[in-house]
Amino acid sequence: MPPDSLVDLHALQLDDARALLEHDAQNGDRETDESAVHYLQRVIDGLCDLSLKDPLTGLGNRRHFHGVLARAIETVARSGDSVLLLLLDIDHFKSINDTHGHLAGDQVLRAIADCLARCVRPVDTVARYGGEEFAVILPHCRPAFGRAVAERIRAGVAALAIDVAPLQTLSATISIGGAYAPEWVRSTADLWIERADQQLYRAKTEGRNRVCLDQPRELAVSAEEKGLLFSQLELDELALPGPAPTRVNA
Amino acid sequence: MNEALTPAAPDAADNPPVQPIGKVIAVTSGKGGVGKTFVSANLAAALAKRGLRVLVLDADLGLANLDVVLNLYPKLTLHDVFTGKATLDEAILPAPGGFSVLLAGSGMVEYSRLTPEVRGEFLRVVHSLVPRFDVIVLDTGAGISDVVLFAVSLASEVLMVATPEPTSLTDAYATIKVLVGQQQRDRVRLVVNQTTRAGSGVAITHQLQQVLDRFVVSSLGRPFTLSHLGDIPADPEVRQAVMRRQLLMQSQPTCPASTAISQIARVMAEKFVSKAG
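Heads up: the protein sequence lines correspond to chains F and E, in order. Residue numbers 1 to 250, in our numbering, belong to the letters of the first sequence in order. Residue numbers 1 to 277, in our numbering, belong to the letters of the second sequence in order.
The set of hints was computed from the structure by calculation and includes no laboratory data. Among the hints, erroneous ones may be present.
What the hints assert, rightly or not - Derived CB-CB ranges, DEER-like:
| hint | chain 1 | residue 1 | chain 2 | residue 2 | range |
| --- | --- | --- | --- | --- | --- |
| 1 | F | Ser79 | E | Ser128 | 51 to 57 Å |
| 2 | E | Gly33 | F | Arg110 | 32 to 38 Å |
| 3 | E | Ser128 | F | His66 | 33 to 39 Å |
| 4 | F | Arg208 | E | Gln184 | 26 to 32 Å |
Said to hold, decoys possible - Beyond 12 Å from chain E on every Cβ pair, some chain F residues (computed):
| hint | residue |
| --- | --- |
| 5 | Asp54 |
| 6 | Gly67 |
| 7 | Ser79 |
| 8 | Gly207 |
| 9 | Gln215 |
| 10 | Glu225 |
We treat Cβ as the ideally placed atom computed from N, Cα and C, and that holds for glycine.
Excised from the complex, chain F in its bound form (with noise of 0.2 Å):
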């Protein structure tokens, strides 16, 4: 047990965190038989849970997406894994907001948010990226299952009836971005949040609600391209041992 000292000190510093967590409707207050530094973790893990939350939501937040993607970056680059990065936009949301006032439009994120965290596995991250955009990060996604889905999360959104006020349903559609990350290659997020970004803008100006992805590159070379590439070569073309080169001696 600390000295009483030094737990006064925390827990004098320690007003606004534990406000804030009560705020969230956590349990900021301390427990008769706990002991100072338990409270004092429990204190510090809420502020942490919290500083990579969107209230809102209860997703990620942009500072939590950009930890996943970076790590996400370092598997890439360590294990060729398929990572898949989406980025999504509410189509049209200002107009909701406009017409429906700002309480409907929070209805619609939160309601957008659950769908969205309902549509993927529990190793994929969703997160509230900005505004009316969210991400969603998909480690071990061959590049097959990609557009499946990015359609499914597409198509569970619009399919939603989203109660804004009683009597008063609305619904929402969304264009989504996505890119790959180059596998056994260290990129930076910069550079693969800017491929699915571009996607997303191709998405929102090809008519909205509808998926767009980047391309990966082309680097597998198939059987029959190698088949090809050596089939008319003579076995000594390639590099195999043989006699040494006789050497010109001046």
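Once you have looked at the hints, place chain E on chain F.
Using the frame of chain F, we list chain E on its own:
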């Protein structure tokens, strides 16, 4: 007009034009360990021998090893230029073969990620080198990392180095695919290193071209050309020079590999290192 009064066209080899040509050439490969840096350094020496002002830039920022090949360990490197600790002039060094080098230095590991800052610094350095040299050789890393693709994107000519091994050729093919798809390149020049018989390089180039014609369509609809620039025969002198950290063009200027490199330099000087090109 009296022919005798017309000065003979100056031979690029003997009298470099006053105005530097400023040709940026990227040397790259699909697979590592095929002799990229060896080719860069010795080709630079061969071009310098023809009277051209040549600089080799260590563009393999993460795993630079031009310093090892040339046995040069300078105090000031590209790293210091990037961080503002040295001017470009302070970091440009004379190399043994009569050309200049700009070495990356071990501190460049932190630049192995292509951040917008690295991109900007790199671009700034290359831009200020162009008006000062006839040829700027970018010795890039292998493969298709962001840094490699960026360095290659700055060059007007790409030299792909490959050995006649199936893995090296497959990786060269894959890299060319990416260059065509991403940078709309319509020409890459192939140097086949460590060949064991005459004519290998021509046959390999022909075969790669056939597969490229079939599977790789340039997005602009232009045909893609893989040009065979030359072969460098397997030569025991190369290993000797590499182990002694000597420049082959200097230590064994008449061995088969050196002769081949001189020949490649001649083709380059005639075909695309000229004011017109």
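Practice prompt. List, from low to high, the hint numbers that the structure doesn't satisfy.
Written response: Hints 1, 2, 9 and 10 are the ones this structure does not satisfy, whereas the remaining hints hold.
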